[in-house]
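Asks: Listed here are the chains, written in short residue letters.
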Amino acid sequence: MTTDDHTAEPTSATPTRAGTYRRESGQGAFLAIAATGIVLALVPIWIGDSRTLMGVAITGLLFASYAISFNLIFGSTNQLFLAVGALAGVGAYASTIASDRLGLPFPLTMVIAAGLSMLIGGAFSWIAVRRSLGIIFTGIVTLTFSLAFDNLLLGQRDFTGGETGIVVKAGSNTFLRQQIPPYYVFLSVVLIYLVGYVVLHRSHVGWAFRALRDDEVAAELTGVDVARYRIYAGAIGGGMLGFVGALWAHVEGFISPATFTFVHVDVPALVMLVFGGIGTVLGPVVGAAVFTYLGEVLASFSQLRLIADGVLLIVLFLLFPQGVVRALRSGVSGLRTRRRSQQ
Amino acid sequence: MTAVIFDGLVLGLQFGLLGVGLTVVYGMGGILNLAYGSIAVVAAVVMSVSMRAGLQAGPAVVLGILTAAGISLTLNSTVLKPVYRRRGEDRVLLSLLLTIGVAFIIDGLLVWRFPIEALGLNVGWEPVSIIGVRMRAGSLLASAITLLVGGSLIFFFRATTTGKAVRSVIQDEVGARLCGVNPAAVRTLIFALSGVLGGIFVATQAMTSPVPISAGFEFTITALLVTVVGGLGSIRGAFLAGLILGIVNAMSSFYIGSYITTIILLAAAALTIVLRPSGLFGERA
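Protein chains in written order, with numbering that gives the first Met the number 0: chain E, 0 to 342; chain V, 0 to 284.
Incorrect hints may have been included.
To give an idea of the interface, some chain V residues facing chain E are shown, with a C-beta separation under 10 Å as derived from the structure [claimed, not checked]: (1) Leu-95; (2) Gly-107; (3) Ala-164.
The calculated label-pair distances, taken between Cβ atoms and stated as ranges, are [stated by the list, open to error]: (4) E/Val-166 to V/Arg-85: 46 to 52 Å; (5) V/Gln-170 to E/Asp-213: 53 to 59 Å; (6) V/Gly-150 to E/Gly-222: 50 to 56 Å; (7) V/Ile-115 to E/Asp-48: 36 to 42 Å; (8) V/Ser-151 to E/Val-55: 52 to 58 Å.
The set of hints was computed from the structure by calculation and includes no laboratory data. In this text, a Cβ means the ideal position worked out from N, Cα and C, and glycines have one as well.
Chain E on its own, in the form it takes in the complex (with noise of 0.2 Å):
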């Protein structure tokens, strides 16, 4: 392993796959994390005083670690689950339910939650390994999913508030509520999981994944188990979701189906990632904060939120099928040897 890691970046735009994790050697990717965390721990600073902003901010942190999650699911195993939404909806209203309804102490029930999450995500996995479901397959059968369980909160009013959604109690009176704390819990969340992304890849597991990732035939030729890695990545990737969903539930204390739905949470989410780099440590964070500022600058013009999600949609996977970020990068690093090979 080499010790300089910048001798390892990429000089020129090397065709690497879009998706393929980049083993970075050394400390540099937690050195990026612990950067990312001291400038993101910086924001309230800036807009602490705003109730609104504060908010907005949350519901950053709040989609970073979805991208985070669905990255590990679609990015390092390549299985399209079209179902974050319902993922960390199972998980919100699991936890309000067991919380509110059956007495149980809130943070119990998150990592009920989570564990309900994961088994479901595992199960999709495992599903999708048994009868050897495509990526288009698993898109289609996690998407009728997310629309089973749309329906079935819709359905449900006794226990959902149907529509009108639910007011979740657990979780008031707490410092969850305020103003600023929950920000900075989201932030420890969002940091973990990135950490635990970097773990996770460095380890014999992540080495399974990029061969699993760039040729399934021959990883599993070579003595992969794909199946068990598939359901490993769709299980953990599940379970914080649910988990990151409970904890949405028990700080916004409201939580209603729209929350959760494909057009509002799987689809952004999808944008931020590969905005940021399918495949990249930190390319979900970068592409979670660049559109949650974007979402507030344009706010004003929330009728045509929808085209301009079309459009960068559209443009993004047109022109960036690698992320922007990656993009730029390669893009200055090539300036850089061009005038090196000058001198």
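Put chain V on the given structure of chain E with help from the hints.
Replies: Below, chain V alone, put in the same frame as chain E:
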């Protein structure tokens, strides 16, 4: 009971027609067009607006259908152009993501410019009685149109040279090219056909109940379910799946309730994928 089944049949035929428009495009080029439902809704808006502007129902419907075909063709020759450079699963995935973007743009524009538009076509004839069940004339006319269109589609694909050329591309793109079939020309034809089918679908749908502008996503999902259950790329399968889903839909929304119905339909589609990935009539997936 009989009335419910009849309702299911009427709905099922329409579902089938909707599904065919999506499945031919998938079968022919490996393009999963998720903007399909939204394009159909544009046709509905054009029909509704031009009828309010004083056009007769007939020409208005034709205008709507032509608009849908035009949008569909434009989509094929602009956004989807780079998609054809990819192969296999990459192609399906990229087409899916790009057409979600197109769907967002269309839906956004519709919500922005025509927020309260809805298309209803009133067929002013008396209800007709069939084996003791009184059927609304609109439902019957819609079914007749759907059957006619379905029949001519099957005739087109079975008996005409152009239809056979299209099927050859569905079966093997490279092989078809070697036999002198131009896949790009076939694609153009199929995208136009898909738009036309979407347009006819909203017209028949509007004869039984109004089509609101928010229906695009739902249409796309219905078409996707029909396509998946029937087998991607299979026209017969799409109609059969449409009928099955239509009857299930009518029965369970009559006896159980609409939310559970949707869940049952979705579960049926998911089960089909899991148990029989190639669908009822599909080639190997």
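Asks: Each hint should be assessed against the structure and marked as holding or not.
Replies: Here is what the structure says about each hint:
1. For V/Leu-95, the shortest C-beta to C-beta distance to chain E is roughly 7 Å, which falls under 10 Å, so the interface hint holds.
2. Checking V/Gly-107 against chain E by beta carbon gives a least distance of about 3 Å; that is within 10 Å, so the hint holds.
3. The interface hint given for V/Ala-164 is broken, as the beta carbon of that residue sits about 26 Å from the closest beta carbon of chain E, more than 10 Å.
4. A C-beta distance of roughly 48 Å is found between E/Val-166 and V/Arg-85, which places it inside the suggested range of 46 to 52 Å.
5. Distance hint check: the CB atoms of V/Gln-170 and E/Asp-213 are about 30 Å apart, inconsistent with the given range 53 to 59 Å.
6. Taking the beta carbon of each, V/Gly-150 and E/Gly-222 are about 55 Å apart, inside 50 to 56 Å as hinted.
7. Restraint check, V/Ile-115 to E/Asp-48: a C-beta distance of roughly 40 Å satisfies the suggested window 36 to 42 Å.
8. Between V/Ser-151 and E/Val-55 the beta carbons are some 54 Å apart, a value that agrees with the proposed interval 52 to 58 Å.
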